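Listed below are the residues making up each chain.
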Amino acid sequence: MAEPQDPQPSFGQRLLDNMQTASGVSYQPMVRVDEETAALAPVGGTQDAEAFYVAPNWKLVWWRFKKHRLAMISGVVMIFMVIIALVPDFFATQNPHTTDALESFIPVQRIHFFDERRLSPFVYGAVGQRNPKSLRVEWVIDESVKIPVRFLAPGYPYKLLGVIPTNIHLVGVAPTDEQTAAKQAAGSSTAAGPQRISQGLHLLGTDRLGRDQWSRLMFGTRVSLSIGLVAVAVSTILGIFLGGISGYFGGAIDMIVQRTIEILQSLPAIPIWLALSAALPRTWSVEQTYFAITIILALLAWTTLAREIRGRFLTLRDEDFIIAAKLSGCSQPRVIFRHMAPTMSSHIIAAVTLAIPVMIINETFLSFLGLGLRPPAISWGVLLQEAQNLQSIALAPWLLLPGLLVIITVLALNILGDGLRDAADPYTS
Amino acid sequence: MIQHIIKRLLLLPVLLFIFSVFAFVIIQAPPGDFVTSYIAELASSGSSMDQVQIDALREQYGLDQPIYAQYGKWMGRILRGDLGVSLDWQKPIGELIGERLVLTLIIGLMTFFLSWMLAVPIGVISAVKKYSALDYGLTVFNYIGVATPSFLVALIAMWLAFSWFGVSVTGLFSPEFIDAPWSMARVGDLLKHLWLPVLILTLSGTARLARIMRANLLDELNKPYVEMARAKGMSEWKLIIKYPVRVAINPLVSTIGWFLPLIFSGSLVVATVLSLPTIGPMFLRSLTNQDMFLAGAIVLIYCLLAIIGTLISDILLAWLDPRIRMES
Chain A
1 MAEPQDPQPS FGQRLLDNMQ TASGVSYQPM VRVDEETAAL APVGGTQDAE AFYVAPNWKL
61 VWWRFKKHRL AMISGVVMIF MVIIALVPDF FATQNPHTTD ALESFIPVQR IHFFDERRLS
121 PFVYGAVGQR NPKSLRVEWV IDESVKIPVR FLAPGYPYKL LGVIPTNIHL VGVAPTDEQT
181 AAKQAAGSST AAGPQRISQG LHLLGTDRLG RDQWSRLMFG TRVSLSIGLV AVAVSTILGI
241 FLGGISGYFG GAIDMIVQRT IEILQSLPAI PIWLALSAAL PRTWSVEQTY FAITIILALL
301 AWTTLAREIR GRFLTLRDED FIIAAKLSGC SQPRVIFRHM APTMSSHIIA AVTLAIPVMI
361 INETFLSFLG LGLRPPAISW GVLLQEAQNL QSIALAPWLL LPGLLVIITV LALNILGDGL
421 RDAADPYTS
Chain B
1001 MIQHIIKRLL LLPVLLFIFS VFAFVIIQAP PGDFVTSYIA ELASSGSSMD QVQIDALREQ
1061 YGLDQPIYAQ YGKWMGRILR GDLGVSLDWQ KPIGELIGER LVLTLIIGLM TFFLSWMLAV
1121 PIGVISAVKK YSALDYGLTV FNYIGVATPS FLVALIAMWL AFSWFGVSVT GLFSPEFIDA
1181 PWSMARVGDL LKHLWLPVLI LTLSGTARLA RIMRANLLDE LNKPYVEMAR AKGMSEWKLI
1241 IKYPVRVAIN PLVSTIGWFL PLIFSGSLVV ATVLSLPTIG PMFLRSLTNQ DMFLAGAIVL
1301 IYCLLAIIGT LISDILLAWL DPRIRMES
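So the sequences go chain by chain: A and B. The numbers in the working numbering rise by one with no breaks, and the one at position 272 of the first sequence is 272. Just remember that the working numbering sits 1000 ahead of the position in the second sequence, which is counted from 1.
The following block holds chain B by itself, in its conformation from the complex (with noise of 0.2 Å):
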């Protein structure tokens, strides 16, 4: 168990250094660079700059250098915990992230908990009364949760919202409280207008998750122990959540390695249509103004919440089946 874990740490700077070169090729990719994207809004705005003071703002920020050589001095940074300025916020990037991080996570996690406490007993009151009213209601269900993009989902609740209600439903904080310091009134409205993109954001996972757990019931209901359980005497829900419950779960765990990363930055779509402040939003006019140091950074998070969620699912494995403990 311990060495399984270990090896999957070991291998995580590894996948790190891949996937941080990846960023950078990435935010590098782009023809020009922040200065031009500036010199031209400068231009668009009437103003302009002489060569010198391009040529100094290229040094300052290291964009005369060869690109591994500005790789190098990126990854040094970050390693020191400093994830650089916003060329277009004229910011810390930590600093400008921070809170928006924090909220990703908050609705993140949320959809994600919602998801499973749904998900786990939609599909095994469906494999258990297979072909009933709520099997078939699921099965449409997850065809049309499937079917339809987030976002759009997004926009029509925000249609309802406002034809029905009158209710501008967009954002995380009511006007008042943007730019407040935390305070339990401020955590209060957070909670007030947190539930939309939760629910918007599950809908869509709890179908296919559900369906997960639903055929691997079905496939462990017929067997030979199941049998004997009932035989013996057993209750009958009883024995469904003490053993075939148990079993068909696993394939259900393996899913968080690609369930939670999904759930983080698919979030980024429906947080843009509802205007919320985490960083998805921040990740698109990053990318619109070529603010290439807070797109690495943004792009090295999602990396990294990807990763993590990766561990997560492969040491939950670990622990709960002891066929993959055995394997290694």
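Here chain A stands alone, though its shape is the one from the complex (with noise of 0.2 Å):
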């Protein structure tokens, strides 16, 4: 024998040679891992195999992440969201509060980026008329006005983040020379009257009062995205201690937050929540109603994230590994923050993306209906209450494109959320 085996086979082998026997099924780890390694880990190799084995879950959830190309799209748009959330001002063209009374109903000014085949940013002027039968000032979009537009332009002072103080905002109107400015401000006179010209950039057009919906729908962002985060924070933070003290202990604690949990989801949220918010003060601030709403939102909705964690809880309770731990000597808080916990994140984090969605169109509906924020508070649902009427719909149409925002965020975070729940289940194929 040139070389000598081992006559014995190791521990590991014979434990599995005896489960084998025992359960009649074939255990075969290794397949099984090198088939995900084969799916999962970058390109071949025997040193990227190596990381993943060696790879914590959370690198794990993230390489299957990756592979879910919407998700990764929609995680893309929400980082976009955020950062529009973070500095409205330095994406609004006009400050959102800012009225003009002869400036308002005007139409969507799209952005043309090329004149005459040169790179060279405009929009077309907004002309308005005054309707002799309503006396109202009509705008239309007319082509032969253009107005320059700049990127990175000033315009209104403000402080970015609250601390730098600037001017500087993404897009704004091209300064231009007094003359034309001149000419321009004192518009024309036709045959059918006299004519205004609208010195303004209307990216979204303007609204009853003549605010700037582009300036007011950033704003209203930070407002709306925020809401859903705070909610959701909020009822994180009760499911995952009323969830986890309810699977952990379980026994009558168990019994009375289950009891709870039921009575809470078989009330009728819609028309609880109205009743809540109409019974909110009208006097209070727009910081103050801006909790209560948050609060009022979370007071029914920990119910399901409670479950989900309570139901993660009881399951990993039975776990080998968690018994391991316990057999080994672990302390309790050792064994849910160090065992646990890390196990259970991705699942939360998933199920914590999903809720903030139903918070946003919860607080839109909300403020729509009148009993959610109220004015001068922007956020999505105070845009849309707006269009609320079909008068101010015909007119305006333009009115509905805060919907669209709303569509394309609930969307975003919908998908991100599948997309992380089906990366945080190690059992998906």
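Hints in this document: simulated from the structure, not taken from any laboratory. From a predicted model like this one, the values you see are computed outputs, not experimental measurements. Some hints could be false.
What the hints assert, rightly or not - BS3-like, lysine-lysine: derived pairs with alpha carbons at most 30 Å apart: (1) Lys1223/B / Lys1242/B; (2) Lys1130/B / Lys67/A; (3) Lys66/A / Lys1129/B.
As the list claims (entries may be wrong) - Stretch by stretch, here's where chain A covers chain B in the computed footprint (C-beta under 8 Å, at least three residues): (4) 1160 to 1169; (5) 1296 to 1303.
Glycine residues also receive a C-beta, built at the ideal position from the N, C-alpha and C atoms.
Combine the two chains into a complex, taking the hints into account.
Here it is in structure tokens:
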């Protein structure tokens, strides 16, 4: 014998053999892992395969998540939305609260990038004329008037992130020389009567009070996104706490929490939300209403998360590695935080991501009905309130555009959440 | 089976009691009461009341009594079938919401049946023909359906109907039928207006139900009993409908419990946009005007509908699934 072989199989080998004979099912860990490696680990190679074996859970989740292309795109969309929420001033073209009664219902002014094949972005000017019958100034886009547009142009002064004073905005009307400005401001008189040319840039038109909808949308993004986040954060804390103790301790505590959840879940959520929001005093400030609305939304929403977390706790409690940790003498907090929490965190993140869009929709419809946030607060629901009746939609269909942003955001969050959920589940193919 | 139903029925009064306390606390929550807002309204129109009149008004509605006494009085009257008088409309509440409640139920039930009639076949087909165009279409439709708030769908539908056909699609009756007594012509007019709100409400729910149906059926299709039936030469569609669909539909039945109440209360927002004469818009108005007896009565009705929904799905499930029957 050139190479002495170990006559005795290793302990692990024996254990595996025993398991196979005992259960009658062939146990093939290597094949399974190899398949996964092929599917997940970057490109073959022993080094990459090794990286796969020693990768922590979050890395495995990330690799699986990367394969879900739509979820990745949604993630990018959401990062972009968060940036808007952080610095809405930068994206706005005008102070969102500035009203101008003479500039109401200006239609959407689309940016054209090429002017006679030369890169020189501009918008067509809006020309207003007083309707002799309704006495309302009616605006139309006039293709003979071009207003040059510049990126990173100076505009109204603001503080970036509340600290850095600046006046640079993403887009703005290019500064024109005084002569042309004066000529445009004077307007021209046609046979039909005096005309007025709007000097502003209204990417999404203006509303009833002549406020710039694009700028308002940017600020609404901040409020609507953050209200979703805060409400979900509150319900997550409640859910983790109550679901956790319910699942971990069981018994009487579990019973009480479960019955409470059942009662809360059988309540009709929408009427209860409406009634609670209607109970908020009208005299409260914007901030007070904001926090009250988040609490109201979280009050009924924590139950779903608590259920999910409790279920996770229950299944994990009996897992081999938890029992092993307990038998090795780990303290209870160590079992929960070192062993259970990391395995659950990706599921919780997925569940939370899926809860945010629900909250955003709920805030939107509460504010839309006039019972959520109220002006002067700006949220997507408040913006859509302007489009509440047929008359305004018929007159200014662009008032429905904030709804598009609601749909995009909720869509992106749902796809992102689904992607995270699939990535967090080790048993998906 | 009967034991199971009786057990659920016994729970009913308990739940109703908890919900009625809940409803009462909610309608009591706003600072001030109806009289305060009534006085404010009078003041804004230029007239005023003296203290004696105010006190008399408070006493008349029992607003001067402690809160538990007010609850007792309120509950006592409701148990006798008297919902009280709306302070805002100055009419008995039963009379006010009678027709509106019927219309709400009609819209809700029609939506429910339409959703199921669409969702079950779509779910079955997209599970059997997995990754087909229909399956992908359903996925896309589901994502968009979930992401679009129903009021937005209503707004867009309203706008499209106006800009394409120049018609206003609000309301449930043509002007000449609004206050007319019930007749065949009025029913016909109602049906002419009913389809749009029903369609709007169906849109979001259907895709979700179909997804549940699809997922459940996919779990069943790989089971040995399906293979067995196929091996015995049963025709594919007959087999699918006879075995796995019947198993897969059970979890769907359990969704009735939350789906039905969701339709009733969810129609509230759509009804407000389309100004339908259902209880939703009336509920909103009662909330803003602090017409608390009306608001309380409507909250209680919503709770009752929610409980009935849960009860129906419990009973149906026990009837369909022997495992649940055996448990109790």
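A quick look at each hint next to the structure:
Distance restraint check for Lys1223/B and Lys1242/B: the Cα-Cα separation of roughly 14 Å lies within the 30 Å cut-off, and the hinted pair is therefore satisfied. Pair hint Lys1130/B plus Lys67/A holds up; C-alpha atoms about 21 Å apart against a cutoff of 30 Å. Under the criterion of a C-alpha separation no larger than 30 Å, the hint pairing Lys66/A with Lys1129/B is consistent with the structure, at around 27 Å. Residues of the region 1160 to 1169 of chain B with a Cβ under 8 Å from some Cβ of chain A number 3, which satisfies the need for three, so the listed coverage holds.
Remark: the region 1296 to 1303 of chain B is confirmed as covered by chain A, as 4 of its residues place a Cβ nearer than 8 Å to a Cβ of that chain, reaching the required three.
Of the hints listed earlier, there is not a single one the structure fails to meet.
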